[in-house]
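Asks: Fit chain B to the supplied structure of chain A, relying on the hints for placement.
2 protein chains.
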Amino acid sequence: MDIEQLAEKILAGDRRALARAITLVESRREDHRAQATELLERLSTSGRQALRIGLSGTPGVGKSTFIESFGMLLTGQGLRVAVLAVDPSSARSGGSILGDKTRMERLSREPGAFIRPSPSQTHLGGVARRTREAVALCEAAGFDVVLIETVGVGQSETVVSEMSDLFLLLLAPAGGDELQGVKRGIMEMADLILINKADGDLKPAATRTCADYSGALRLLRKRPQDPEGFPKALMVSAIEEQGLAEAWNEMQALANWRKENSHWAANRAAQARYWFDQEVRHALLARLETDASKAEMERLSAEVSEGRLSPAAAAERMLAALKAQ
Amino acid sequence: MDIEQLAEKILAGDRRALARAITLVESRREDHRAQATELLERLSTSGRQALRIGLSGTPGVGKSTFIESFGMLLTGQGLRVAVLAVDPSSARSGGSILGDKTRMERLSREPGAFIRPSPSQTHLGGVARRTREAVALCEAAGFDVVLIETVGVGQSETVVSEMSDLFLLLLAPAGGDELQGVKRGIMEMADLILINKADGDLKPAATRTCADYSGALRLLRKRPQDPEGFPKALMVSAIEEQGLAEAWNEMQALANWRKENSHWAANRAAQARYWFDQEVRHALLARLETDASKAEMERLSAEVSEGRLSPAAAAERMLAALKAQ
Numbered sequence: 003m004d005i006e007q008l009a010e011k012i013l014a015g016d017r018r019a020l021a022r023a024i025t026l027v028e029s030r031r032e033d034h035r036a037q038a039t040e041l042l043e044r045l046s047t048s049g050r051q052a053l054r055i056g057l058s059g060t061p062g063v064g065k066s067t068f069i070e071s072f073g074m075l076l077t078g079q080g081l082r083v084a085v086l087a088v089d090p091s092s093a094r095s096g097g098s099i100l101g102d103k104t105r106m107e108r109l110s111r112e113p114g115a116f117i118r119p120s121p122s123q124t125h126l127g128g129v130a131r132r133t134r135e136a137v138a139l140c141e142a143a144g145f146d147v148v149l150i151e152t153v154g155v156g157q158s159e160t161v162v163s164e165m166s167d168l169f170l171l172l173l174a175p176a177g178g179d180e181l182q183g184v185k186r187g188i189m190e191m192a193d194l195i196l197i198n199k200a201d202g203d204l205k206p207a208a209t210r211t212c213a214d215y216s217g218a219l220r221l222l223r224k225r226p227q228d229p230e231g232f233p234k235a236l237m238v239s240a241i242e243e244q245g246l247a248e249a250w251n252e253m254q255a256l257a258n259w260r261k262e263n264s265h266w267a268a269n270r271a272a273q274a275r276y277w278f279d280q281e282v283r284h285a286l287l288a289r290l291e292t293d294a295s296k297a298e299m300e301r302l303s304a305e306v307s308e309g310r311l312s313p314a315a316a317a318e319r320m321l322a323a324l325k326a327q
Numbered sequence: 003m004d005i006e007q008l009a010e011k012i013l014a015g016d017r018r019a020l021a022r023a024i025t026l027v028e029s030r031r032e033d034h035r036a037q038a039t040e041l042l043e044r045l046s047t048s049g050r051q052a053l054r055i056g057l058s059g060t061p062g063v064g065k066s067t068f069i070e071s072f073g074m075l076l077t078g079q080g081l082r083v084a085v086l087a088v089d090p091s092s093a094r095s096g097g098s099i100l101g102d103k104t105r106m107e108r109l110s111r112e113p114g115a116f117i118r119p120s121p122s123q124t125h126l127g128g129v130a131r132r133t134r135e136a137v138a139l140c141e142a143a144g145f146d147v148v149l150i151e152t153v154g155v156g157q158s159e160t161v162v163s164e165m166s167d168l169f170l171l172l173l174a175p176a177g178g179d180e181l182q183g184v185k186r187g188i189m190e191m192a193d194l195i196l197i198n199k200a201d202g203d204l205k206p207a208a209t210r211t212c213a214d215y216s217g218a219l220r221l222l223r224k225r226p227q228d229p230e231g232f233p234k235a236l237m238v239s240a241i242e243e244q245g246l247a248e249a250w251n252e253m254q255a256l257a258n259w260r261k262e263n264s265h266w267a268a269n270r271a272a273q274a275r276y277w278f279d280q281e282v283r284h285a286l287l288a289r290l291e292t293d294a295s296k297a298e299m300e301r302l303s304a305e306v307s308e309g310r311l312s313p314a315a316a317a318e319r320m321l322a323a324l325k326a327q
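So the protein lines, in turn, are chains A and B. Numbering follows our numbering, with no gaps: position 191 of the first sequence is 193. Numbering follows our numbering, with no gaps: position 222 of the second sequence is 224.
Chain A extracted, bound-state conformation (with noise of 0.2 Å):
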């Protein structure tokens, strides 16, 4: 492969080319690995920053729709959306989240929208790396907007929140004593909170639903890289194509704001190191990941369980193990 040739054609906006380069650094061959060093290398001179969003939601609160809805409306404002997703269950669930590309019919036929499944790697290392490596070259193709999603499985809304921007929780109203029960820890990272499906008779209980949140933000303690008034949450309806542009001014207030204020560029710093740690550590504890190692982890913390050997001793034991490999 020709990777001079493939980079100019990125930065061209070319969609085939950009969709060839994310299969490269979706492959674990070596050879393929040298290569997608070498591209994102050459790539990162561009220069050329996105919106990068993450966005999160369980099935059923209507995530494929309101991506949509809300990626018709920026491309209707002549902007390029592109649609990623990190899913780490998607090998077992045996498909994707964006697998599906009729569940976004509009936005996959439009010239400025880029769609992109979650690639099937179990392993949520992986899945992060590929899809900051993807979001990497979706700016260097200039597009204007990367819209990260997750339906949050394990440590994914992490992984999304430490890529992004802004992240947004995308929730349905609560019915009555019917509670949703957002994970716990989740609103740590919410900048938006949308309650979708604000429409029909579901619109009184996304009021209350958009009470409820608003309040319960309201006990939070205040980040530095929030305004007055933020996390907010929001009412939305995805299928009526009602709140977004409100929606979408709250997001360009608040990214403006952060970029006035210096916390979008120290964010996207801290960023860059917080990976680069994470691949640090990663590497070491590779070690742990060998057959070897995982069933003598195993037998080990079989006894600790049991009570027949303290933590410390049964480590004391492992490491002496890593040591005879």
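Think of the hints as simulated: they come from the structure by calculation, not from any bench. Be aware that one or more of the hints could be misleading.
Identical chains blur together in the list; that is why a pair holds if it fits in one copy or across any two.
Taking lysine-lysine and the PhoX-like style, the derived pairs with C-alpha atoms no more than 25 Å apart in a straight line are [what the hints assert, rightly or not]:
hint, residue 1, residue 2
1, Lys205, Lys234
2, Lys261, Lys234
3, Lys261, Lys224
4, Lys234, Lys224
5, Lys296, Lys325
Replies: Frame of chain A, contents of chain B only:
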């Protein structure tokens, strides 16, 4: 030191022997570590279990007063209570949160109570191991309740909740718009939120705050280890000794439910596995803690945050540097 004799004294409930043993597990000397390991092995067969209660609350919420009043309630019922602290900041602040025993004057004079300040170690991993081992020593010494206190610096709440059977969050009433700002993520751990200072002029504010948190807790997803109605928020007045018996009843009800539904033993086994895993990872990552490694990480990290090197490329260089060391 005669470890066999020390073990016997601890099993007989000798408080001075217990204090000496905690000093031993706190020591960083290698010969002390070997003795500590031997001592813990000897005591591990005692089969004694205390109720381990984690307690977090920022300065100003009345934590010392609460521990004193709550501790007196327990000793008044004939129970033996040990109080330990996890405060990784104590080295910096020049004194531990429990350093001043006069803050718990009555309790420190109780024969059924044992109070131990946080050791002055900056390193949270070190504090965590020492505290786990101190908890094990207190259990072997026959204490019925072990209170593990933290001010919630950095990750210390996670550390405490991972060694507790129950986790309490102590809050002060919020007055009007003046919100106290619970650290995001902390509600994930709380089994019981206690609104202290529900007395005098602050009673109405405490009632409102309690209702606010009750509402917020209902918005969170139910955990398998919680019976109906938990986690819950309650009002107490540590200074007027109001609501403490009710809070203790709730703690016992929760503990009993978890014991009957096998969550108790499963939780302790999971915690032991967690600490084993943490000890192994900590030891593997210790290679990054040498002065040479730190300098190289810092140098590469700066290049990454300035965009001159990708996180993945920088990580490859760091690993090469570690191999060459």
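Asks: Does each hint hold? Answer for all of them.
Replies: Hints and how they fare:
Taking the shortest Cα distances, Lys205 and Lys234 sit within 25 Å of each other inside one copy (18 Å), while across copies they are farther apart (29 Å). In the homo-oligomer, the alpha carbons of Lys261 and Lys234 lie at most 25 Å apart inside one protomer (19 Å), although the nearest pairing across protomers, at 40 Å, exceeds that limit. In this homomeric assembly, Lys261 and Lys224 come within 25 Å of each other (Cα to Cα) only inside a single copy, at 18 Å, whereas the closest approach across copies is 38 Å. For the homomeric pair Lys234 and Lys224, the shortest alpha-carbon distances inside one copy (12 Å) and between copies (24 Å) are both at most 25 Å.
For the homomeric pair Lys296 and Lys325, the shortest alpha-carbon distances inside one copy (15 Å) and between copies (23 Å) are both at most 25 Å.
Comparing the model with each numbered hint stated earlier shows that all of them hold.
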